[in-house]
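Q: As you go down the protein sequences, you meet chains B and E in turn. Per UniProt numbering, residue 1 is the first one in the first sequence, and the count goes up by one each step. Per UniProt numbering, residue 1 is the first one in the second sequence, and the count goes up by one each step.
One thing to keep in mind: the hints can contain errors.
Any copy will do: because identical chains look the same in the list, a pair fits if it lies in one copy or spans two.
List of simulated lysine-lysine pairs, BS3-like, C-alpha gap at most 27 Å [said to hold, decoys possible]:
hint	residue 1	residue 2
1	K65	K180
2	K174	K218
3	K121	K49
4	K174	K65
5	K195	K121
6	K121	K183
7	K8	K189
8	K128	K149
9	K28	K189
10	K126	K8
11	K43	K149
12	K207	K121
13	K55	K109
14	K65	K121
15	K109	K126
16	K43	K189
17	K180	K126
18	K149	K65
19	K128	K8
20	K55	K180
21	K180	K218
22	K149	K55
23	K8	K195
24	K109	K65
25	K195	K180
26	K128	K109
27	K43	K183
28	K189	K49
29	K109	K121
30	K55	K189
What the hints contain is simulated information worked out from the structure, not anything from laboratory work.
2 protein chains.
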Amino acid sequence: MGDKEEVKLLGVWYSPYAIRPKIALRLKSVDYDYVEEDLFGSKSELLLKSNPVHKKVPVLLHNVKPIIESLNIVEYIDETWNSSGPSILPSDPHDRAIARFWSAFVDNKWFPALRAAAITKSEDAKAKGIEEVEGGLLRLDEAFVAISKGRSFFCGDVIGFMDICLGSFLVLLKAREKLKGEKLLDESKIPSLCKWADEFLSDDIVKNVVPEIDRVAKFLGELEAIAQSASRS
Amino acid sequence: MGDKEEVKLLGVWYSPYAIRPKIALRLKSVDYDYVEEDLFGSKSELLLKSNPVHKKVPVLLHNVKPIIESLNIVEYIDETWNSSGPSILPSDPHDRAIARFWSAFVDNKWFPALRAAAITKSEDAKAKGIEEVEGGLLRLDEAFVAISKGRSFFCGDVIGFMDICLGSFLVLLKAREKLKGEKLLDESKIPSLCKWADEFLSDDIVKNVVPEIDRVAKFLGELEAIAQSASRS
Numbered sequence: 001m002g003d004k005e006e007v008k009l010l011g012v013w014y015s016p017y018a019i020r021p022k023i024a025l026r027l028k029s030v031d032y033d034y035v036e037e038d039l040f041g042s043k044s045e046l047l048l049k050s051n052p053v054h055k056k057v058p059v060l061l062h063n064v065k066p067i068i069e070s071l072n073i074v075e076y077i078d079e080t081w082n083s084s085g086p087s088i089l090p091s092d093p094h095d096r097a098i099a100r101f102w103s104a105f106v107d108n109k110w111f112p113a114l115r116a117a118a119i120t121k122s123e124d125a126k127a128k129g130i131e132e133v134e135g136g137l138l139r140l141d142e143a144f145v146a147i148s149k150g151r152s153f154f155c156g157d158v159i160g161f162m163d164i165c166l167g168s169f170l171v172l173l174k175a176r177e178k179l180k181g182e183k184l185l186d187e188s189k190i191p192s193l194c195k196w197a198d199e200f201l202s203d204d205i206v207k208n209v210v211p212e213i214d215r216v217a218k219f220l221g222e223l224e225a226i227a228q229s230a231s232r233s
Numbered sequence: 001m002g003d004k005e006e007v008k009l010l011g012v013w014y015s016p017y018a019i020r021p022k023i024a025l026r027l028k029s030v031d032y033d034y035v036e037e038d039l040f041g042s043k044s045e046l047l048l049k050s051n052p053v054h055k056k057v058p059v060l061l062h063n064v065k066p067i068i069e070s071l072n073i074v075e076y077i078d079e080t081w082n083s084s085g086p087s088i089l090p091s092d093p094h095d096r097a098i099a100r101f102w103s104a105f106v107d108n109k110w111f112p113a114l115r116a117a118a119i120t121k122s123e124d125a126k127a128k129g130i131e132e133v134e135g136g137l138l139r140l141d142e143a144f145v146a147i148s149k150g151r152s153f154f155c156g157d158v159i160g161f162m163d164i165c166l167g168s169f170l171v172l173l174k175a176r177e178k179l180k181g182e183k184l185l186d187e188s189k190i191p192s193l194c195k196w197a198d199e200f201l202s203d204d205i206v207k208n209v210v211p212e213i214d215r216v217a218k219f220l221g222e223l224e225a226i227a228q229s230a231s232r233s
């Protein structure tokens with residue numbers, strides 16, 4: 001693509017969403033510059049200019065052009081470097097539709113339920129939320145069995161779109177388990193998904209881009225302490 | 001594709017989401033059977049079996065295989081009948097990313113704000129919500145000018161992905177204007193988007209699949225009356 005190829009990713013180290021383009025770029029063997037944003041301090045001019053609507057990470061800048069929203073970035077990477085590395089989305093339109101459907105389920109239903117359960121002050125709402133999250137994981141376990149057909153990942157033997165989507169939350173789940181003893185990845189309930197999670201997290205590309213579980217657990221603990229002290233004052 | 005080609009769409013006549021696959025199928029000249037669901041009565045076995053997760057329309061059944069969620073269906077139609085009719089998503093990866101970004105803005109930010117404003121009982125929340133909806137339309141007007149570059153539709157001279165996404169809500173906006181005098185499509189504020197809306201609604205394919213504004217206005221009025229009588233009892 002000539003001399004001018006410039007790929008820059010704006011992210012924060014703890015964001016599941018920022019993990020997604022990192023995995024996709026590595027799958028496609030694309031070199032990129034990574035810029036860590038400070039969402040608690042002041043956001044960079046580049047972030048504000050690149051994503052004026054949401055002012056959020058991740059943002060991919062490809063030859064200065066911004067691409068926004070994590071799964072949108074993953075699709076862009078798949079389409080732009082289509083001849084390099086494995087295909088991230090399956091080639092069959094129906095398989096693609098299934099991958100997009102479950103990814104939307106994760107991003108629009110499952111994770112919002114987890115986030116709401118994590119921040120609510122009502123014990124009742126928290127319990128209901130966690131129930132919804134567990135129900136979602138049961139559905140995802142069933143979906144994995146149906147879609148993967150015995151292969152290691154959702155759409156085959158290598159990591160693809162749906163793996164990246166759901167897999168990006170695994171470190172967060174494990175950090176919450178460490179911090180709170182909240183066992184969402186329960187082998188007795190969702191054995192196939194737990195096996196998939198182990199496969200995913202032991203993949204060389206993934207290992208290189210996900211943060212350490214302990215570091216995320218410490219960070220979540222700090223965030224929680226700040227929230228509690230704010231609600232007391 | 002041989003004798004077995006069977007395309008069936010489950011929808012409800014008033015749903016903006018169900019309009020989307022109808023437009024896409026017509027753009028691709030795909031013959032299909034349409035099944036009107038009764039979401040207020042009992043949902044069909046076919047709907048419940050095809051979409052057990054959300055139990056919602058639209059569902060596209062292509063040779064019995066279900067495809068779920070309106071924009072996912074539109075992408076599936078574009079990819080499956082790729083040699084027939086115009087391309088619904090642009091071919092350039094960056095243009096595709098822009099179309100997907102703004103479609104996500106419409107579905108995840110803009111329309112939820114409108115729906116929340118429509119159902120809240122608090123006048124304050126309603127006013128704030130409408131302000132957010134109007135702010136979103138200003139952004140979409142700017143986006144249209146930037147993306148369309150003087151052409152009739154978001155990505156060119158024919159209807160594409162983003163046109164289908166936002167355009168599917170136009171009849172609803174016009175019905176609300178008729179019912180409540182709520183003028184969201186205000187030429188003095190969003191002239192380019194209003195011009196686009198007129199172009200979109202006068203397109204032959206669109207005219208054939210969108211419901212009549214008066215019929216939707218009457219339906220919205222009936223829904224409102226039911227909600228009011230329920231809140232009184």
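Q: Confirm or reject each hint.
A: Results of checking the hints against the structure:
1. Taking the shortest Cα distances, K65 and K180 never come within 27 Å of each other, neither inside one copy (41 Å) nor across copies (42 Å).
2. Proximity of K174 to K218 under the C-alpha cut-off of 27 Å is restricted to the intra-copy arrangement: shortest distance 12 Å within a copy versus 52 Å between copies.
3. For the identical chains of this complex, K121 and K49 are neighbours neither inside a copy (35 Å) nor across copies (37 Å), given an alpha-carbon limit of 27 Å.
4. In the homo-oligomer, the alpha carbons of K174 and K65 never lie at most 27 Å apart, since the shortest distance is 35 Å inside one protomer and 36 Å across protomers.
5. Neither within a single protomer nor between protomers do K195 and K121 lie at most 27 Å apart by alpha-carbon distance, with minima of 33 Å and 47 Å respectively.
6. In the homo-oligomer, the alpha carbons of K121 and K183 lie at most 27 Å apart inside one protomer (20 Å), although the nearest pairing across protomers, at 39 Å, exceeds that limit.
7. With identical chains, the CA atoms of K8 and K189 are never at most 27 Å apart, being 40 Å at best within one copy and 36 Å at best between copies.
8. Proximity of K128 and K149 under a CA criterion of 27 Å is satisfied in neither setting, with 32 Å inside one chain copy and 49 Å between copies.
9. For the homomeric pair K28 and K189, neither the shortest alpha-carbon distance inside one copy (34 Å) nor that between copies (44 Å) is at most 27 Å.
10. Taking the shortest alpha-carbon separations for K126 and K8, neither the intra-copy value of 38 Å nor the inter-copy value of 40 Å comes in at or below 27 Å.
11. In the homo-oligomer, the alpha carbons of K43 and K149 never lie at most 27 Å apart, since the shortest distance is 44 Å inside one protomer and 30 Å across protomers.
12. In this assembly of identical chains, the alpha carbons of K207 and K121 never lie at most 27 Å apart, being 34 Å within a copy and 49 Å across copies at closest.
13. In this assembly of identical chains, the alpha carbons of K55 and K109 lie at most 27 Å apart whether taken from the same copy (22 Å) or from different copies (14 Å).
14. In this assembly of identical chains, K65 and K121 lie within 27 Å of each other by CA distance neither inside one copy nor across copies; the values are 41 Å within and 43 Å between.
15. For the homomeric pair K109 and K126, the shortest alpha-carbon distances inside one copy (15 Å) and between copies (25 Å) are both at most 27 Å.
16. In this homomeric assembly, K43 and K189 never come within 27 Å of each other (Cα to Cα): the closest approach is 41 Å inside a single copy and 30 Å across copies.
17. In the homo-oligomer, the alpha carbons of K180 and K126 lie at most 27 Å apart inside one protomer (13 Å), although the nearest pairing across protomers, at 39 Å, exceeds that limit.
18. In this homomeric assembly, K149 and K65 come within 27 Å of each other (Cα to Cα) only across copies, at 17 Å, whereas the closest approach inside a single copy is 39 Å.
19. Proximity of K128 and K8 under a CA criterion of 27 Å is satisfied in neither setting, with 40 Å inside one chain copy and 37 Å between copies.
20. Within a single copy, K55 and K180 get their C-alpha atoms no closer than 31 Å, and across copies no closer than 34 Å, so neither meets the 27 Å cut-off.
21. For the identical chains of this complex, K180 and K218 are intra-copy neighbours only, at 11 Å inside a copy versus 52 Å across copies, given an alpha-carbon limit of 27 Å.
22. Taking the shortest alpha-carbon separations for K149 and K55, only the inter-copy value of 25 Å comes in at or below 27 Å, while the best intra-copy value is 40 Å.
23. Taking CA atoms no more than 27 Å apart as the test, K8 paired with K195 passes in neither setting, with 33 Å inside one copy and 37 Å between copies.
24. In the homo-oligomer, the alpha carbons of K109 and K65 lie at most 27 Å apart only across protomers (23 Å), although the nearest pairing inside one protomer, at 30 Å, exceeds that limit.
25. In this assembly of identical chains, the alpha carbons of K195 and K180 lie at most 27 Å apart only when taken from the same copy (22 Å versus 55 Å across copies).
26. Within a single copy, K128 and K109 get their C-alpha atoms as close as 14 Å, and across copies as close as 25 Å, so both meet the 27 Å cut-off.
27. Taking CA atoms no more than 27 Å apart as the test, K43 paired with K183 passes in neither setting, with 34 Å inside one copy and 36 Å between copies.
28. Taking the shortest Cα distances, K189 and K49 sit within 27 Å of each other only across copies (24 Å), while inside one copy they are farther apart (45 Å).
29. Taking the shortest alpha-carbon separations for K109 and K121, both the intra-copy value of 20 Å and the inter-copy value of 25 Å come in at or below 27 Å.
30. When the C-alpha separation of K55 and K189 is checked against a cutoff of 27 Å, the pair qualifies only between copies, where the shortest distance is 24 Å, while the shortest distance within a copy is 38 Å.
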